[in-house]
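Colleague: Given these sequences and hints, build the entire structure.
For the record, the sequence lines run as chains A and B. Each residue of the first sequence is one higher than the one before, starting from 1 at the first, in my numbering. Each residue of the second sequence is one higher than the one before, starting from 1 at the first, in my numbering.
These are calculated hints, taken from the structure and not from any lab test. Hints are not guaranteed to be accurate.
Unchecked claim - Taking lysine to aspartate or glutamate pairs in the EDC-like style, the calculated list, with each CA pair at most 16 Å apart, reads:
| no. | chain 1 | residue 1 | chain 2 | residue 2 |
| --- | --- | --- | --- | --- |
| 1 | B | 3 | B | 29 |
| 2 | A | 83 | A | 38 |
| 3 | A | 57 | B | 100 |
| 4 | B | 3 | A | 59 |
| 5 | B | 70 | B | 26 |
| 6 | B | 73 | B | 56 |
| 7 | A | 9 | B | 29 |
| 8 | B | 70 | B | 44 |
One letter stands for each residue in the lines below.
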Amino acid sequence: DGGITQSPKYLFRKEGQNVTLSCEQNLNHDAMYWYRQDPGQGLRLIYYSQIVNDFQKGDIAEGYSVSREKKESFPLTVTSAQKNPTAFYLCASTNQPSAADTQYFGPGTRLTVL
Amino acid sequence: AQKITQTQPGMFVQEKEAVTLDCTYDTSDQSYGLFWYKQPSSGEMIFLIYQGSYDEQNATEGRYSLNFQKARKSANLVISASQLGDSAMYFCAMRAVLMDSSYKLIFGSGTRLLVRP
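Modeller: Have a look at this one:
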């Protein structure tokens, strides 16, 4: 089945720890995105990548880092510099160029800081 | 600035009836796209429907239709014959062009829909 997988589904982090969220897609999509969702709110863009070995900051990149070494994979690291990391994190991908550039999402990772 | 506004935090609808979820947008771009996503309690964002700014016909996908009124900058989602499984959060989103000509989605704050049996 083609799709986007994210792991883990739930993640707990202690203060001062870095944690890495996994995102893998087998849709052969070029572009990948990371979004953050806080309770009762919409999604905000953290980082995005159009091609392998290239990525750009989104609206709320501070305290996060990413890599794009393979087309299928776009892991997100939440560093200790992120002051309020408790949130729901969603990864998405899209096949650019396309008329609609519809972004398809993974199931998400819920991160909680203890 | 580009913005999506969803003014209904929560809505109730009776099973088998139709419901309209409101969405207004603000953009100075001539070419843009509007999306609706469904987010059930599991958290995954499910793509429902897309409307391009140059599309003359309103988009439809099964029980979902998009009431696109360009002059009013509105893109309301209409769900016909509501089902219990339609209970979820619904997000309106707009495609925004980034500095490097790639795209991101700008999301509204969402509407929680509850379908009553």
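Colleague: Output the indices of the hints that this structure fails to meet, ascending.
Modeller: Checked against the structure, the hints that fail are numbers 7 and 8, while the rest are satisfied.
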